[in-house]
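Participant: Listed below are the residues making up each chain.
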Amino acid sequence: MAGLMGRVTTLFKVKANKVLDKAEDPGETLDYSYTKQLELLQKTKRGVADVVTAKKRLQLQESKLQESVVKLDGQARQALAANREDLARTALERKALIQGQLQGLDTQIAQLEQQQQQLVDTEQRLAAKVEAFRTQKEVVKAQYSAAEAQVRIGEATSGLGEEMGDVSLALQRAQDKTDQMQARAAAVDELVSSGAVADLDAPGTTDLDRQISALSADSQVDAELARLKGELGAAPAAGQIAPAPAADAPPAAEQPAAPEEEGGAS
Amino acid sequence: MIVRIMEEGQYRLSDDLLGELNQLDNQVAAAVSAGDDAAFSAGFQQLLAFVRTHGTPVANDELVTSDHVLPHAETTLADARSTFSGHGALAG
Chain A
1 MAGLMGRVTT
11 LFKVKANKVL
21 DKAEDPGETL
31 DYSYTKQLEL
41 LQKTKRGVAD
51 VVTAKKRLQL
61 QESKLQESVV
71 KLDGQARQAL
81 AANREDLART
91 ALERKALIQG
101 QLQGLDTQIA
111 QLEQQQQQLV
121 DTEQRLAAKV
131 EAFRTQKEVV
141 KAQYSAAEAQ
151 VRIGEATSGL
161 GEEMGDVSLA
171 LQRAQDKTDQ
181 MQARAAAVDE
191 LVSSGAVADL
201 DAPGTTDLDR
211 QISALSADSQ
221 VDAELARLKG
231 ELGAAPAAGQ
241 IAPAPAADAP
251 PAAEQPAAPE
261 EEGGAS
Chain B
1001 MIVRIMEEGQ
1011 YRLSDDLLGE
1021 LNQLDNQVAA
1031 AVSAGDDAAF
1041 SAGFQQLLAF
1051 VRTHGTPVAN
1061 DELVTSDHVL
1071 PHAETTLADA
1081 RSTFSGHGAL
1091 AG
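So the protein sequences, as listed, match chains A and B. Taking this note's numbering, the leading residue of the first sequence gets 1, the next gets one more, and so forth. Taking this note's numbering, the leading residue of the second sequence gets 1001, the next gets one more, and so forth.
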């Protein structure tokens, strides 16, 4: 088998030659190629912008997932405090899954960061080469006939054609990678918002949310009750009792819910 | 001689180094035909490192054609294989 380098060189040269191959009239070639260069430069700038957009999206997703982790952690605690280990387990399972997604995201964001840097370098290199080409072009055009200028600047043209071929391939590859990450991000969004992360029989993540918030509503009511009882039980001598709810508040006599249930076996 | 590493840029190397460069390149090609992933990764990175350490980067505003072209640093064994079989990104 021939070397990898020889094979790649041959294929690459074919590709690079195609880049500036189009102009028929040698007199127009130089200006034509300059237009193509500027186009490619624009495309490269857009490529950088696309990567930045993709990166921002993943960063946003990351912070949302981090919020979910905090929230689920809190829910697990609430559930445990209310002796609902089943709910706590569900919350923790979901939290673990989201943490798994978070780990993958870190890597992807780092990759996009690297890709962004690489494309910025590419853009700068291409811009410098385009500018160098423009200068050379102006010099030879001023000194020679169009056809001769074309010959004189031949090496610069093919050197630039090579750069442009490389940049085009790099842009294509960057685009493919960015698309893949966007697709994956969309899938994760879907996964999280549908709540399908952990329990398959619950149609929405709202189910866990609802149960937890029912718990927290319960405990809030309990806390409120305790507070009211406390207020009523305390001596009103200081005149601290608020004026308005006095009518609503029943005299502190009945205990609505005993802490121990009769039927509950332990 | 001028060697391009795709997506990275061009390097200028002494012509005397062509023998060594070819030798490293042949090792990579052998790994490709053997389908040896580990040997490919090691050999390919060694080849790139050789160019980077023995070459000086061509200035951004210099326009020259390359004598040799190497694929980008993230190239996998599968990518290299498709280059040989004519189905890679370059083949289009």
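These aren't lab readings, by the way, just hints derived from the structure by calculation. Treat each hint with caution, since some may be false.
[What the hints assert, rightly or not] Partial pick of chain B residues on the chain A-facing surface, computed with a CB cut under 8 Å: (1) Met1001; (2) Gly1009; (3) Leu1018; (4) Asn1022; (5) Asp1025; (6) Asn1026; (7) Ser1041; (8) Phe1050; (9) Thr1056; (10) Asn1060; (11) Leu1063; (12) Leu1070; (13) Ala1073; (14) Leu1077; (15) Arg1081.
[Stated by the list, open to error] What follows is a list of derived Cβ distance ranges for each label pair: (16) B/Asp1061 to A/Glu67: 46 to 52 Å; (17) B/Ser1082 to A/Leu60: 31 to 37 Å; (18) A/Asp176 to B/Asn1022: 30 to 36 Å.
Note that the Cβ used here is the ideal one computed from N, Cα and C, for glycine as well.
Participant: Are the hints correct? Go through all of them and say.
Facilitator: Hints and how they fare:
1. Met1001: With Cβ-Cβ at 11 Å, over 8 Å, it is violated.
2. Gly1009: At 6 Å from the nearest chain A Cβ, B/Gly1009 passes the 8 Å test, so the hint holds.
3. Leu1018: Status violated, d = 10 Å.
4. Asn1022: holds (6 Å)
5. Asp1025: holds (4 Å)
6. Asn1026: holds (6 Å)
7. Ser1041: Violated, because the Cβ-Cβ distance from B/Ser1041 to chain A comes to roughly 13 Å (cut-off 8 Å).
8. Phe1050: For B/Phe1050, the interface hint is violated, since the closest Cβ of chain A sits about 11 Å away, which is over 8 Å.
9. Thr1056: At about 15 Å, which exceeds the 8 Å cut-off, the nearest Cβ of chain A leaves the hint on B/Thr1056 violated.
10. Asn1060: Because about 4 Å separates B/Asn1060 from the closest Cβ in chain A, which is inside the 8 Å limit, the hint holds.
11. Leu1063: Nearest chain A Cβ about 4 Å off; hint holds.
12. Leu1070: With Cβ-Cβ at 6 Å, under 8 Å, it holds.
13. Ala1073: violated (10 Å)
14. Leu1077: Violated, about 11 Å.
15. Arg1081: violated (10 Å)
16. B/Asp1061 to A/Glu67: 46 to 52 Å: holds (48 Å)
17. B/Ser1082 to A/Leu60: 31 to 37 Å: About 35 Å separates the Cβ atoms of B/Ser1082 and A/Leu60, which means 31 to 37 Å holds.
18. A/Asp176 to B/Asn1022: 30 to 36 Å: Cβ of A/Asp176 to Cβ of B/Asn1022: about 32 Å, so the range 30 to 36 Å holds.
Going through the hint list in order, the structure does not satisfy hints 1, 3, 7, 8, 9, 13, 14 and 15.
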